[in-house]
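Chains as they are written, first to last, in our numbering: chain U, 34 to 390; chain S, 34 to 390.
Note that these hints are calculated values from the structure, not bench results.
Because the structure is a prediction, the values reported are computed rather than measured.
Hints may be right or wrong, so weigh each one.
Copies of the same chain look alike in the list, so a pair counts if it fits in one copy or across any two.
Quick list of in silico lysine to any residue cross-link-like pairs, SDA-like style, CA-CA up to 20 Å [said to hold, decoys possible]:
1. K379 to S341
2. K342 to R388
3. K199 to S221
4. K342 to T358
5. K51 to E326
6. K202 to N296
7. K67 to A309
8. K372 to F327
9. K51 to P359
10. K367 to D352
11. K51 to T358
12. K51 to K342
13. K379 to F327
14. K378 to F327
15. K342 to E383
Here is what each chain is made of, one letter per residue.
Protein chains: 2
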Amino acid sequence: MNWAVIMAGGYGERFWPKSRRKHPKQLLPIVGDKTMIQQTVERVHPLVGDARIVVVTNHEQAPLVRKQLPRVKHVIGEPIGRNTAPCIGLAAAIIGARDPDAVMAVLPADSYIRDTEGYRRVVGDALKMAAAQAVLLTIGIKPTSPHTGYGYIELGEELSTRLATKFWKARRFVEKPDRKTAEEFLASGDYRWNAGMFVWSFRAVAEAYRKYQPAMWEACLRIQATAGAKTFARVLAREYPKMERISVDYAVMEKADNVVVANGDFDWDDVGDWPAIGRHYEKDGSGNVARGEFVGLDASDCIVVGDSKHLVAAVGVRDLVIVHTPDATLVCHKNDAQKVREIVKKLAAEKKYKRLL
Amino acid sequence: MNWAVIMAGGYGERFWPKSRRKHPKQLLPIVGDKTMIQQTVERVHPLVGDARIVVVTNHEQAPLVRKQLPRVKHVIGEPIGRNTAPCIGLAAAIIGARDPDAVMAVLPADSYIRDTEGYRRVVGDALKMAAAQAVLLTIGIKPTSPHTGYGYIELGEELSTRLATKFWKARRFVEKPDRKTAEEFLASGDYRWNAGMFVWSFRAVAEAYRKYQPAMWEACLRIQATAGAKTFARVLAREYPKMERISVDYAVMEKADNVVVANGDFDWDDVGDWPAIGRHYEKDGSGNVARGEFVGLDASDCIVVGDSKHLVAAVGVRDLVIVHTPDATLVCHKNDAQKVREIVKKLAAEKKYKRLL
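Bound conformation, chain U alone:
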């Protein structure tokens, strides 16, 4: 059967002050009217159904995840964040115990995709491919710009299938490139963005973990063995923090020789920082994007996020991100949007600001 694993453990620090530890980016309608995780579930739902969606989040966010996704049965709350490899391993072990023939799509909770049809075709085809072959599929997004903030995957030999989606063997994973390299990647047509979306059978992923992360896989199995039992939380709390904090890319994908790239020819945006929302909303005559009440005077190319009860007025400014919340306001130059994480770190270092995290 087809399953979906949704990874929702992040704190979305770059979306502070809207994003908070217990109310992070993926649980907010950063782009769109529903929250990012609700959109992700709706997007994949027709491929898998309510009963076969597993959300892995952290224990602080689990209550809100359950509230936002009342039909999702399986919500695992990590006692501590350990990057994607332990999270995916644990979900796979739990799914495999129930359904050894399972095929699963592993998806980040916070991407924004408009072309739902294209997405379902590609993920659906990848699920079919994964059911037929013991390969590790990654959905490689067709680059639309020489982005230097993403990892890339070089395509190898194309596979012959009867599916609408194209597939290639993966030649190599490439770290975030410099501008010139990214331009070459884009021009060549032989590279795809690594979007952190994977598809594989339980058998294939179990085999890969056993081979490349045997200790981690053993720990995942020990936790899985208590699934549904009273001891689950205790075993999870004991085993999980001991696992290595490592991404599935490093831990498994870059080591494996059976990686296949599915051609993700739908739009995809990881909505990585505040300026990203400018790509998805209509601009006013001066290039400003505003969510909530906004009045500008000689203000251009700003991103304004507030609400309908609070007015943001901007005068004589450009390229600013302005985010209002009831207890904190952010004013940030667009070029420094990545530094919002550092503000969150600064706040975390002061007791009096704990309430704002």
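Given chain U's structure and the hints, the job is docking chain S onto it.
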């Protein structure tokens, strides 16, 4: 006896969003811990006493003025703003009816002055001068910079007195000069800033109004005649709006030939816009001035006004004014601080923003 007339009719639009129609700049602690009008009353109080302070404000603000100044007996609420000439004429007429020998200092409610001693010496000497001679005194502030936002007064012949303060005949009033002219004024030492602070006897000011603004003076006397009676409000509401909207400078001072300049050698700041508060608060290591909670990261030379319950975080910005209030936030380049008035006009044009005025 010595009296003080405090002019408090403005809306302080350049201090939006803190300043609102019913809660304007002069009734806020824009600089200092007490409101500007409370500071003004405390400053002049030893020279005149509780019973001889008259505040002229507008009817919308009168309740809050009374609340902030419980010891002040005379608060006149203008039915409509008519600039300074009608306001000063009416106050003079009311004072003169009670005390024909009155000498009065006429003061804006919203200046900031730290050198209270120097101020009291100058205003005290001016009151003595006004008691002795039928002249119209204006307190000319000694320029400390070639400011192009103020009017200037050219000094004429120095008067010989036994007072500590210097006095000169006024030679002429000069409109806001250009930069070059302002620099010449500053270098010459023969010019003073027109701060809108006046001192004169009832007899001298009555004589001047009779001569240069006879119709206005007649109206002031008609209103005064009902002072203390039930008909006062009705007569005020009928007569006041008919008066010309004109400043006392144009209406009287520039026409008169008995104007004397008192040497205002104390510090004075009209606190005309948000950047002005930067002159009165300590800066952090990056040149930011913050009232309320503030965290900056690569943020410099900003003015931040919030409160102790709301954090403003600024990242990668400089020379901004950021003002937080519960229902509106202003983000404005320092160079555009004068344009805040235009934002207020924009809001006034839209019904849904009435609550923010």
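Comparing the hints with the structure gives:
| no. | hint | verdict |
| --- | --- | --- |
| 1 | K379 to S341 | between (29 Å within a copy, 18 Å between copies) |
| 2 | K342 to R388 | between (22 Å within a copy, 11 Å between copies) |
| 3 | K199 to S221 | within (17 Å within a copy, 83 Å between copies) |
| 4 | K342 to T358 | both (11 Å within a copy, 12 Å between copies) |
| 5 | K51 to E326 | both (16 Å within a copy, 18 Å between copies) |
| 6 | K202 to N296 | within (11 Å within a copy, 88 Å between copies) |
| 7 | K67 to A309 | within (17 Å within a copy, 44 Å between copies) |
| 8 | K372 to F327 | between (24 Å within a copy, 16 Å between copies) |
| 9 | K51 to P359 | both (10 Å within a copy, 16 Å between copies) |
| 10 | K367 to D352 | both (6 Å within a copy, 16 Å between copies) |
| 11 | K51 to T358 | both (7 Å within a copy, 18 Å between copies) |
| 12 | K51 to K342 | both (15 Å within a copy, 17 Å between copies) |
| 13 | K379 to F327 | between (29 Å within a copy, 12 Å between copies) |
| 14 | K378 to F327 | between (29 Å within a copy, 15 Å between copies) |
| 15 | K342 to E383 | between (30 Å within a copy, 15 Å between copies) |
Of the numbered hints listed earlier, not one is contradicted by the structure.
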